[in-house]
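Going by this note's numbering, the sequence shown opens with residue 1, and the numbers climb by one from there.
Hints were generated in silico from the structure; no laboratory data involved. The beta-carbon is built from N, C-alpha and C at its ideal position, and this holds for glycine as well. Be a bit skeptical, because a hint or two may be false.
Here are the computed distance ranges between Cβ atoms for each label pair [what the hints assert, rightly or not]:
1) Ala-70 - Gln-106: 30 to 40 Å
2) Lys-46 - Gly-84: 26 to 36 Å
3) Asp-40 - Ser-73: 14 to 24 Å
4) Lys-69 - Gly-3: 16 to 26 Å
5) Ser-43 - Glu-108: 24 to 34 Å
6) Pro-104 - Thr-22: 11 to 21 Å
7) Met-83 - Ser-43: 28 to 38 Å
Here are the simulated SDA-like pairs of lysine to any residue, each with C-alpha atoms no more than 25 Å apart in a straight line [unchecked claim]:
8) Lys-66 - Asp-48
9) Lys-66 - Asp-91
10) Lys-23 - Asp-91
11) Lys-69 - Ala-113
12) Lys-66 - Ser-43
13) Lys-116 - Phe-26
14) Lys-116 - Asp-99
15) Lys-116 - Val-102
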Amino acid sequence: MGGILIVDDAAFMRMMIKDILTKNGFKVCGEAENGAVAVDVYSDLKPDLVVMDITMPEMDGIEAVKKIKAKDSSAKIIMCSAMGQQAMVIDAIQAGARDFIVKPFQPERVVEAVKKALG
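Take the sequences, apply the hints, and build the full model.
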């Protein structure tokens, strides 16, 4: 299917990211409100890229990255983190994430990270 899967427990954050991506010509193929849902829908949607929040209920972004990478070693994932989550970002990168963007989002930085990850 392709496109980008947006994972964040805050609906307004998903909307904000979706808005930035669609305005810049990217296709959003799905959304998930936590890591557990993201892992479930990943196989169905086969996204080109996942934009994943780090802190979420049920299953956090780091755990979800590990599970998605176990299913698909070529999965491309970018993490979203709040200020002060550097240690978690490092964990996520070690788990297989490609890059990270920091909230509050700067549209240029989001677009740059997505373009870079999609190569």
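Each hint tested on the structure:
1. In this structure, Ala-70 and Gln-106 meet the distance hint of 30 to 40 Å, their C-beta atoms being roughly 32 Å apart.
2. Our hint of 26 to 36 Å for Lys-46 and Gly-84 holds, since their Cβ atoms are close to 34 Å apart.
3. The hinted window of 14 to 24 Å between Asp-40 and Ser-73 holds, with their beta carbons roughly 19 Å apart.
4. Checking the proposed 16 to 26 Å range against Lys-69 and Gly-3 shows it holds: the Cβ atoms sit about 19 Å from each other.
5. Taken as a hint, the range 24 to 34 Å holds for the pair Ser-43 and Glu-108, whose Cβ atoms sit roughly 32 Å apart.
6. In this structure the supplied range 11 to 21 Å holds for Pro-104 paired with Thr-22, their Cβ-Cβ distance being about 19 Å.
7. Roughly 33 Å separates the CB atoms of Met-83 and Ser-43, a value that falls within the hinted 28 to 38 Å.
8. Taking the CA atoms of Lys-66 and Asp-48, the gap is near 17 Å; set against the 25 Å cutoff, the hint holds.
9. Between Lys-66 and Asp-91 the alpha-carbon distance is near 10 Å, which keeps this suggested pair within the 25 Å criterion.
10. Distance check on the hinted pair: Lys-23 and Asp-91 sit about 31 Å apart at the alpha-carbon level, beyond 25 Å; violated.
11. Simply put, Lys-69 and Ala-113 have alpha-carbon atoms about 19 Å apart, close enough for the 25 Å limit, and the pair holds.
12. Taking the CA atoms of Lys-66 and Ser-43, the gap is about 14 Å. The hint holds against a cut of 25 Å.
13. Between Lys-116 and Phe-26, the direct Cα distance comes to roughly 13 Å. Compliance with the 25 Å bound is thereby established for this hinted pair.
14. Of the supplied pair hints, the one linking Lys-116 and Asp-99 holds, its CA atoms being roughly 9 Å apart against a limit of 25 Å.
15. For the hint linking Lys-116 to Val-102, the alpha-carbon distance of about 16 Å falls within 25 Å, and the restraint holds.
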